[in-house]
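Sequences are here, hints too, so could you generate the full structure?
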Amino acid sequence: MNRDDVKARVYKVIAQVLKIEESQIDEANSFTADLGAESVQSVELMAGFEEEFDIEMDEDEALEVQNVGGAIDFIGRYLD
Amino acid sequence: MATEVKPLVEVDEPNTLDDMFDYSRPPKVVYDATIYEEINGEVVKFDPQEALKRDLVVTDTTFRDGQQARPPYTVEQQVKLFDMMAKLGGPNGVIRQTEFFLYTANDRRALDDCRALGHKFPEVTSWIRADKGDFRLVKEAEVHETGLLTPSSDYHIFYKLKKDRKKAFDDYIEIVDAAWEAGIRPRVHLEDVTRADIDGFVKPYVGELVRRSEQVAPDMHVKIRLCDTMGFGVPSPGVALPRSIPKLVHTMTHELGLPHECLEWHGHNDFHKVHINGATAWMYGCNAVNTTLFGFGERTGNPPLEGALIEYISLHGDLCGIDTMMIQEMADYMRSIGVDIAPNYPFIGRDFNTTRAGIHAGGLRSDERIYNIFDTTTLFGRPPRVSITDKSGVDGVALWVNNFLGLEGDDKLSKIKVHKVARWVMDQYEVHSRMSAITDDELAEQVKINLPDYYARKAG
Numbered sequence: 001m002n003r004d005d006v007k008a009r010v011y012k013v014i015a016q017v018l019k020i021e022e023s024q025i026d027e028a029n030s031f032t033a034d035l036g037a038e039s040v041q042s043v044e045l046m047a048g049f050e051e052e053f054d055i056e057m058d059e060d061e062a063l064e065v066q067n068v069g070g071a072i073d074f075i076g077r078y079l080d
Numbered sequence: 001m002a003t004e005v006k007p008l009v010e011v012d013e014p015n016t017l018d019d020m021f022d023y024s025r026p027p028k029v030v031y032d033a034t035i036y037e038e039i040n041g042e043v044v045k046f047d048p049q050e051a052l053k054r055d056l057v058v059t060d061t062t063f064r065d066g067q068q069a070r071p072p073y074t075v076e077q078q079v080k081l082f083d084m085m086a087k088l089g090g091p092n093g094v095i096r097q098t099e100f101f102l103y104t105a106n107d108r109r110a111l112d113d114c115r116a117l118g119h120k121f122p123e124v125t126s127w128i129r130a131d132k133g134d135f136r137l138v139k140e141a142e143v144h145e146t147g148l149l150t151p152s153s154d155y156h157i158f159y160k161l162k163k164d165r166k167k168a169f170d171d172y173i174e175i176v177d178a179a180w181e182a183g184i185r186p187r188v189h190l191e192d193v194t195r196a197d198i199d200g201f202v203k204p205y206v207g208e209l210v211r212r213s214e215q216v217a218p219d220m221h222v223k224i225r226l227c228d229t230m231g232f233g234v235p236s237p238g239v240a241l242p243r244s245i246p247k248l249v250h251t252m253t254h255e256l257g258l259p260h261e262c263l264e265w266h267g268h269n270d271f272h273k274v275h276i277n278g279a280t281a282w283m284y285g286c287n288a289v290n291t292t293l294f295g296f297g298e299r300t301g302n303p304p305l306e307g308a309l310i311e312y313i314s315l316h317g318d319l320c321g322i323d324t325m326m327i328q329e330m331a332d333y334m335r336s337i338g339v340d341i342a343p344n345y346p347f348i349g350r351d352f353n354t355t356r357a358g359i360h361a362g363g364l365r366s367d368e369r370i371y372n373i374f375d376t377t378t379l380f381g382r383p384p385r386v387s388i389t390d391k392s393g394v395d396g397v398a399l400w401v402n403n404f405l406g407l408e409g410d411d412k413l414s415k416i417k418v419h420k421v422a423r424w425v426m427d428q429y430e431v432h433s434r435m436s437a438i439t440d441d442e443l444a445e446q447v448k449i450n451l452p453d454y455y456a457r458k459a460g
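Just so you know, the sequences run in chain order A and B.
Letter 33 of the first sequence, counting from 1, is numbered 33 in my numbering, and no numbers are missing.
Letter 190 of the second sequence, counting from 1, is numbered 190 in my numbering, and no numbers are missing.
Worth flagging that the hints you see were computed from the coordinates, not collected in a lab.
Predicted model only: the values in this text are computed from it and were never measured.
We treat Cβ as the ideally placed atom computed from N, Cα and C, and that holds for glycine.
One thing to keep in mind: the hints can contain errors.
Which chain A residues stay away from chain B? Per the calculated CB distances, all over 10 Å, these [as the list claims (entries may be wrong)]: (1) Asp5; (2) Lys7; (3) Ala8; (4) Arg9; (5) Ala15; (6) Leu18; (7) Ser23; (8) Ile25; (9) Asn29; (10) Ser30; (11) Asp34; (12) Leu35; (13) Met57; (14) Glu59; (15) Ala62; (16) Glu64.
DSSO-like cross-link-like pairs, simulated, lysine-lysine; straight-line CA separation at most 27 Å [said to hold, decoys possible]: (17) B/Lys28 - B/Lys87; (18) A/Lys19 - B/Lys28; (19) B/Lys391 - A/Lys19; (20) A/Lys12 - B/Lys420; (21) A/Lys19 - B/Lys417; (22) B/Lys417 - A/Lys7; (23) A/Lys12 - B/Lys417; (24) B/Lys203 - B/Lys45; (25) A/Lys7 - B/Lys420; (26) B/Lys448 - B/Lys420.
So this is what it looks like as structure tokens:
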């Protein structure tokens with residue numbers, strides 16, 4: 001799966017969990033500061049990514065990812 | 001002069017200070033210096049190591065002072081509590097004595113029934129007013145020692161007893177002499193001593209008692225109970241008499257020559273100092289600290305028995321035969337007879353080791369030592385808990401779920417796995433405007449719905 005495919009599916013999950021339009025999302029966005037993700041939503045995002053990509057992420061490492069672009073790269077490593 | 005900044009010392013392993021914080025027991029109080037106090041213009045040394053070599057004990061007045069603050073216990077309740085107290089204090093007699101009224105038939109039956117249990121400790125002792133006629137009760141009860149109420153402040157002597165000092169002095173000496181004549185060891189309660197004229201009354205009075213004790217057998221020597229009746233005592237050095245505990249105790253042991261084993265501290269909690277005052281009295285020279293179960297006592301109460309025992313373990317670095325599990329059993333028993341215990345009361349309250357803060361729950365989830373005082377599971381049968389509210393966060397929910405499912409180590413569920421339960425919790429507050437904490441039953445139901453396989457495994 002190439003990076004653009006990963007990006008598109010990451011945007012879809014973010015939009016669903018945070019209840020925003022995909023057009024509002026940018027790779028540089030911070031999940032908390034820009035997109036307004038609260039504590040439970042951060043975990044729901046991780047759960048959403050796991051389900052979307054059928055992967056199991058390291059929780060501590062995943063929680064260190066701060067922005068959308070970082071998430072795309074992080075998930076990409078699980079898919080390689 | 002520039003401040004010297006110490007270089008950071010990096011370590012391969014965390015330094016958890018295990019010599020003080022051995023998680024298997026209450027943290028040890030480590031003394032590494034001598035204590036100094038200025039008394040009468042002289043610097044006096046108190047050696048903590050010497051203090052710890054003395055026969056420090058806890059005495060109890062749950063059935064005397066403790067009963068003055070509540071409806072009377074039935075005889076059966078007293079016997080049950082006495083029996084549990086014996087197990088709690090253990091075979092070394094850390095709980096050395098407990099004190100009974102003798103005035104009613106029920107008082108005397110309670111004493112007889114407790115004694116009939118045959119426990120070596122706590123020894124039974126009694127308390128009477130300073131009235132010669134009351135010695136008959138002590139003799140009939142076959143109790144070796146009794147407490148005698150002898151108020152020591154002018155507040156009591158002049159305003160309560162309507163006497164002058166000479167009359168009070170003579171009456172008190174007479175009653176002590178009468179105790180000896182009756183073959184009873186007198187334990188003189190210096191009521192209101194932290195508000196007394198130490199030079200003008202207490203020293204002459206106690207000095208005379210010590211002098212007269214020299215005429216009787218050692219096991220009949222007068223004991224002195226320093227009664228901080230209104231909780232005025234202060235533990236820190238440099239405080240003036242009569243409020244200074246260090247100076248009061250030193251006056252007794254050094255100026256008046258009272259042996260440590262004949263000296264006891266009895267405090268009240270009017271200024272929130274009741275426990276530390278007792279512990280201070282131990283370190284400065286009182287061998288006994290008088291307590292009541294869970295601190296119930298006149299007005300604001302007395303030093304809590306269980307607090308003194310945990311202090312004892314902390315000072316000695318050893319359980320010394322104390323059965324800490326009995327503390328919870330006694331709390332459960334008190335609740336069963338209708339006694340309210342505040343949820344945040346140390347060691348026994350419902351929430352004493354319960355956290356509601358998500359960040360604390362996160363710490364507990366990583367390693368319970370971070371936010372639990374010691375191994376409360378082993379010592380009290382009370383594992384640390386989280387109470388789930390909107391402040392608990394996913395960490396709190398994960399901790400609760402893992403505790404509920406009994407999952408440990410690598411088997412623990414991650415926050416990701418419990419996110420649906422966490423979402424349900426948050427919705428209760430954000431969507432449904434809930435104001436109360438989530439109950440265990442509600443959370444269990446959510447585990448059943450959202451983590452059915454794990455729930456079935458637990459149930460199965």
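Verification of the hints:
1. Asp5: holds (23 Å)
2. Lys7: holds (21 Å)
3. Ala8: About 22 Å separates A/Ala8 from the closest Cβ of chain B, which puts it past 10 Å; holds.
4. Arg9: holds (17 Å)
5. Ala15: holds (17 Å)
6. Leu18: holds (13 Å)
7. Ser23: With a cut-off of 10 Å, A/Ser23 remains clear of chain B, as the shortest Cβ separation is near 26 Å.
8. Ile25: holds (21 Å)
9. Asn29: Given that every Cβ of chain B is farther than 10 Å from that of A/Asn29, nearest at about 21 Å, it holds.
10. Ser30: Consistent with the label, A/Ser30 stays out of reach of chain B, its closest Cβ about 19 Å off (over 10 Å).
11. Asp34: About 21 Å separates A/Asp34 from the closest Cβ of chain B, which puts it past 10 Å; holds.
12. Leu35: holds (17 Å)
13. Met57: violated (7 Å)
14. Glu59: violated (4 Å)
15. Ala62: violated (8 Å)
16. Glu64: holds (13 Å)
17. B/Lys28 - B/Lys87: Holds, because 23 Å separates the two Cα atoms, which is no more than 27 Å.
18. A/Lys19 - B/Lys28: violated (53 Å)
19. B/Lys391 - A/Lys19: Status holds; Cα separation ~23 Å.
20. A/Lys12 - B/Lys420: holds (19 Å)
21. A/Lys19 - B/Lys417: Holds, because 21 Å separates the two Cα atoms, which is no more than 27 Å.
22. B/Lys417 - A/Lys7: Within the cut-off at roughly 24 Å; holds.
23. A/Lys12 - B/Lys417: It holds: about 21 Å lies between the C-alpha atoms, which stays within 27 Å.
24. B/Lys203 - B/Lys45: Holds, because 21 Å separates the two Cα atoms, which is no more than 27 Å.
25. A/Lys7 - B/Lys420: Status holds; Cα separation ~25 Å.
26. B/Lys448 - B/Lys420: Holds, because 12 Å separates the two Cα atoms, which is no more than 27 Å.
Consistency with the previously given hints fails for numbers 13, 14, 15 and 18, ordered from lowest to highest.
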